[in-house]
Amino acid sequence: QKEVEQDPGPLSVPEGAIVSLNCTYSNSAFQYFMWYRQYSRKGPELLMYTYSSGNKEDGRFTAQVDKSSKYISLFIRDSQPSDSATYLCAVSSGNTPLVFGKGTRLSVIA
Amino acid sequence: NAGVMQNPRHLVRRRGQEARLRCSPMKGHSHVYWYRQLPEEGLKFMVYLQKENIIDESGMPKERFSAEFPKEGPSILRIQQVVRGDSAAYFCASSPGQGFYEQYFGPGTRLTVT
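First to last, the protein sequences are chains P and F.
The numbering of the first sequence is this note's numbering, which starts it at 1 and goes up by one.
The numbering of the second sequence is this note's numbering, which starts it at 1 and goes up by one.
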């Protein structure tokens, strides 16, 4: 079983839609959960990170962690064409290297 | 505040040559990480360094790859005797403190081995 599983997509939505991106992980020792956005041929950009369970909101982005299900989500409200990118989840125990999902490719159509 | 800087952005090497990739962390960051991203693959951790110390090299291939972060100057990822399979995007990240979360990535160096 892979440490982090992420649906590669591609996911195509109309502008203004709510987008839900998800990852599952296998190791209950993971405590930190990150979401990165990567535009084509660019470096990953940290969107947000959360510690343990719960929700965290930043503008149009909301990250959710459900440790009981080992499931993490990123919601994007009022999606824009500029949100079109690959979204990577990453997990860590805090003192072990980040483990990344393979990324979900998102296209927001105007 | 300048972000993480990497150079060169693109590097072409023939098989058997050496590749040197440089990374300057964000101002105030003293923790540097190197990752490799192969086409259609996720980012894979290679090595974690602080100034003059390698903290975690669990993801580094045992041969041909080395990394350093000297007291002065950028961090260097060195690949000796490159092979075609080394062709990938190499990313550097830095963080403000200990811990593997809150890492900020550079734009990457795309290495092509011909």
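No lab work stands behind these hints: they were computed from the structure.
Glycine is no exception: its CB is placed at the ideal position from the N, C-alpha and C atoms.
Check the hints yourself; a few may be wrong.
[Stated by the list, open to error] The calculated SDA-like cross-link candidates involving lysine to any residue, where the alpha carbons are at most 25 Å apart (straight line), are: (1) F/K51 to P/N95; (2) F/K51 to F/N7; (3) F/K44 to P/R77; (4) F/K62 to P/Q64; (5) F/K71 to P/S73; (6) F/K27 to P/M48; (7) F/K44 to F/R64; (8) F/K44 to P/R41; (9) F/K44 to F/Q17; (10) F/K62 to P/N95; (11) P/K2 to P/N95; (12) P/K70 to P/R41; (13) F/K44 to P/G59; (14) P/K2 to F/L38; (15) F/K27 to F/I55; (16) F/K51 to P/K2; (17) F/K27 to P/Y39; (18) P/K42 to P/S73; (19) P/K102 to F/A88; (20) F/K44 to F/D56; (21) P/K42 to F/R20; (22) F/K71 to F/L38; (23) P/K42 to P/R105; (24) F/K44 to F/Y104; (25) P/K42 to F/E102.
[Stated by the list, open to error] What follows is a set of in silico ranges between Cβ atoms, one per label pair, in the way DEER data are often shown: (26) P/D66 to F/K62: 32 to 40 Å; (27) P/Y51 to F/G59: 20 to 28 Å; (28) P/D66 to F/G16: 28 to 36 Å; (29) P/E57 to F/K27: 22 to 30 Å; (30) F/E52 to P/I109: 35 to 43 Å; (31) F/R15 to P/E15: 45 to 53 Å; (32) F/K71 to P/N95: 35 to 43 Å; (33) F/K62 to P/I18: 44 to 52 Å; (34) P/I18 to F/V12: 40 to 48 Å; (35) P/G59 to F/R64: 41 to 49 Å; (36) P/A110 to F/R20: 41 to 49 Å; (37) F/R78 to P/G94: 26 to 34 Å.
[To be verified] Covered stretches of chain P, as calculated for chain F (at least 3 residues, CB under 8 Å): (38) 14 to 20; (39) 40 to 53.
Take a quick look at whether P/K102 and F/A88 sit within 25 Å of each other, Cα to Cα.
-> 15 Å, holds
Given the hint of 32 to 40 Å, check if P/D66 and F/K62 actually sit that far apart at their C-beta atoms.
-> 38 Å, holds
Within the region 14 to 20 of chain P, is the number of residues with a Cβ closer than 8 Å to a Cβ of chain F three or more?
-> violated (count 0)
Keeping to a limit of 25 Å between CA atoms, is the pair of F/K27 and F/I55 held or broken?
-> 20 Å, holds
Take a quick look at whether P/K42 and F/R20 sit within 25 Å of each other, Cα to Cα.
-> Within the cut-off at roughly 20 Å; holds.
Hinted pair F/K44 and F/Y104, Cα distance within 25 Å | 15 Å, holds
Does the alpha-carbon distance linking F/K62 and P/N95 stay inside the 25 Å limit?
-> 22 Å, holds
Pair hint P/K42 and P/S73, alpha-carbon separation not exceeding 25 Å = Holds. P/K42 to P/S73 sits at ~23 Å (cutoff 25 Å).
Is 40 to 48 Å right for how far apart the beta carbons of P/I18 and F/V12 are?
-> 43 Å, holds
Would you check the hint for F/K44 and F/D56, treating anything up to 25 Å between C-alpha atoms as holding?
-> 13 Å, holds
Holds or violated: are the alpha carbons of F/K27 and P/Y39 at most 25 Å from each other?
-> 24 Å, holds
Is F/K27 within 25 Å of P/M48, Cα to Cα?
-> Satisfied, since the Cα-Cα distance of roughly 20 Å is no more than 25 Å.
Comparing the model with each numbered hint stated earlier shows that hints 3, 4, 5, 12, 13, 16, 22, 28, 30, 32, 38 do not hold.
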